[in-house]
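*Asks:* Chains as they are written, first to last, in the working numbering: chain D, 1 to 330; chain G, 1 to 270.
Calculated directly from the structure, the hints in this document are not laboratory data. In this text, all values refer to a predicted model and were calculated from it rather than measured experimentally. Possibly wrong hints are sitting among the right ones.
[Claimed, not checked] Below, computed lysine to aspartate or glutamate pairings styled on EDC-like, alpha-carbon distance capped at 20 Å: (1) D:Lys221 <-> G:Asp8; (2) G:Lys184 <-> G:Glu172; (3) D:Lys239 <-> G:Asp8; (4) D:Lys37 <-> G:Asp8.
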Amino acid sequence: MATTELTAPTPGPAAPEPAPSAQLSNAQQAAVRIEDKARISRWLLTAPAFVTISIFGVLPLLIIIIYSFLKAAPYGGVVWSPSVEAYVSFLFQADIFTDELVFSPDFLQIYVRSFIFAVGTTVICLFLGFPTAYFMATRSPRQRNWWVLLITIPFWSNLLVRTLAIMFIIRDEGLLNNVLIGLGITKAPITILYTDFAIVLGLFYSFLPFMVLPLYASLEKLDFRLVEAGYDLYASRPKVLFRIIIPLSRPGIIAGCLLVFIPALGAYVTPLILGGGRHMMIGDLIAQQFGSGRNWPLGAAQALILMSAVLVALFFYVRATTGKMKHGQG
Amino acid sequence: MAAVKGVDLRSQFGFHTIAIVCLVVLYFPILILIIFSVNANDIVAVFSGVSTRWYEKAFYNEEFHNAAKNTLIIAVSATIGSTIFATLAAVATTRVAPWRGQNAAYMVINLPLMVPEIITAVATLSFFALLGSKLGLNFGIGNIILAHLVFCIPFAYMPIRARLETMDLTLEGAAADLYATPLKTFWHVTMPLLMPGISSGAALAFIVSFDDFTITQLVAGPGQTTLPLYIWAMIRRPMTPEINAISTILLGISILFILISFWIAQRRKA
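Isolated chain D (complex conformation):
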C-alpha cells in the first residue's frame, strides 16, 4: 500500500520515446497510441473464449437449424435435400393406408405436459423457496453463511446422483415402501416411480436451490426499515409480507422463477430416470429422435421449438426487469 501512495501521484514521463507533434503533447499522443493498442489487445484477449464458443457452441446451433429443414436418413443423420417434413410431422402424421396427413397431437401433448410440469415445479419451488430465502436473510451474518453453504452444496452437486437418490427412496422396493409396509400402513408397495408425480417431485428436488439462491440474493438487500415502517402504520404481518416484502423482492422472484422454469422445461435426466421412458418430457423426446428414433431433422425441429419457448421466457424476463427500472426505485 505504501508504494501506491508514493508512486500514484507522481506524474512520471508517460511517453518513453520522444514524438514531437504540433497539436498533441507527448503524453496525449502516447495515450492515443496506448488506446489503439489496448483495443487490439482486448480483441486478442477475448478471441480464445469467443472463437471457441462461436465454433463449438454457436455454430452447432446454426447446424441444427439447417438440419431441421432437411430429410432424415434411414439410419440416423440427414439427407441433404430441403424439406419442411420435420415441422409438418411435429403436428401431423401420414395415415398408414391413405398416406393422407392427419393431425396428431402426440408431440404437442408432450410439450404441453412439460410446460405444465415446469410451471408446477416453479410454483412449488417458489412457495417453499421464498420462505426459506426470507428466513435465511433474517439470520445473523454467521448463520447466513452456513445456510448459503447448505443451499449451495445441492445447487452444484451432481444432478444424476441426486435424481438417483430420489429413485432409491421412491421405487417399489425402496426405502419409503419398505417403511410403509414395515409399519403395516400398506400391504403392497405403492407405485410412485415412473409416474408424473415422481417427475414433478424430482424436478422440485433438483431445482429448489436454483430458486432459493437468487431469492436470497435479492432479500438480503431488503431494507428492513420499510418493514418496520409498515408495522408502525399498523399493518399486519401478512399485509407487510404481501404489500412490502414481496413487491420489493420482485427481481429475485423473477430471476428465481426463470432459473427453475427454463431447466425444468428442458429437463432430460429427471424424466429419463424417474419417468422411465413412459412418461416423457421434451428433453427425452428430443434425445429419442437422435437415438433410437433415428429422425435427426425431427429432433432438430423439436429442439428449436423448445428453444423458441425459452427465448419467449427470456424476453418476458428482460421486459419485466427493465420495466421495473423505469417505474420503480431508480
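Take the given structure of chain D and dock chain G to it, following the hints.
*Replies:* Quick look at chain G alone, frame taken from chain D:
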C-alpha cells in the same frame, strides 16, 4: 428493531419451519444414498450392517478405473482451457472503456448458460457428426473436451469477472508508473490479486465438467465412458450397493470442490 424487545418484527409465521423442511428435503435423499453405500447387504434397500466392501469392489473394478480416467482427463483439460480463456476474456471485458463488440463478446460467452442442456447436446452431436462425415475430423475424447470447454468458460468467467470488478486499479497504475510493461504488470500485479477469482472459477469449471451427463452422453463415442455415464449404465443393470458407493465418491468430489470455491469466496469477503 430494538424498539420491541423479544419480538422479531422481521419474522413471518411458519417460515422457520418451511426453511427446515427444505433443508431436510434437500439432504435426506443424499444421506440415505451415502448410508446405503456402506451397506453390507447385496440388496440396495435392505440394510444389514456396515461394510466397505462396495467401495473395495469399485476400486478393483476395471470399468470404474477407465471411467474415472476419462473423467479426469476431460475435466482437467476443460478446466485448464476454460480458466485460461475466461481469465483473458475477463481482463478484456471488465474495468475498461466500452469497446465495439464488447456486448457481442459478452453475449457469446454467456450463451451456453441460456441454452437448455439437451439442445446444446444434440446440436454438438450434429456438429461432430457433420465434422466426421464431411471432413473426416474426429478428435476422439477431444470431442468431449471441446464440448465441455464451451460450457465451462462462462462458469469460470463469472467469479473472475466478479473479482476483477472489485479490484483496485491504482496498483496496476503504480506498476505502470514504475515502468513495468503491460505483460509484467499483468503477471506480477494483476494475476496475484486475481488469484482468488481464478481458483474459484477453476473449481466451478471442474465441477460442471466433472458432473456433466447430458452433453457427454450424446457426444461420447464407444469406449468414452465417464463416471456419470458409468453410473447411468449401472442403473440399467441389476442394482447393488456398488452404485451407491460410486455415487458417493462422485458426490464427495463435487462437494470438495464446492467447499474450496465457497471458502475462497468467504475469505475474499473477510
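*Asks:* For the pair supplied as a hint, Lys221 (chain D) and Asp8 (chain G), is the alpha-carbon distance within the 20 Å limit?
*Replies:* holds (18 Å)
*Asks:* Would you mind confirming whether the straight-line C-alpha gap from Lys37 (chain D) to Asp8 (chain G) stays at or under 20 Å?
*Replies:* violated (58 Å)
*Asks:* Straight-line Cα separation of Lys239 (chain D) and Asp8 (chain G) no greater than 20 Å?
*Replies:* holds (16 Å)
*Asks:* Are the Cα atoms of Lys184 (chain G) and Glu172 (chain G) separated by 20 Å or less?
*Replies:* Since the Cα atoms of Lys184 (chain G) and Glu172 (chain G) sit roughly 10 Å apart, the hinted pair holds (cutoff 20 Å).
The structure fails to meet hint 4 from the earlier list, while all remaining hints are met.
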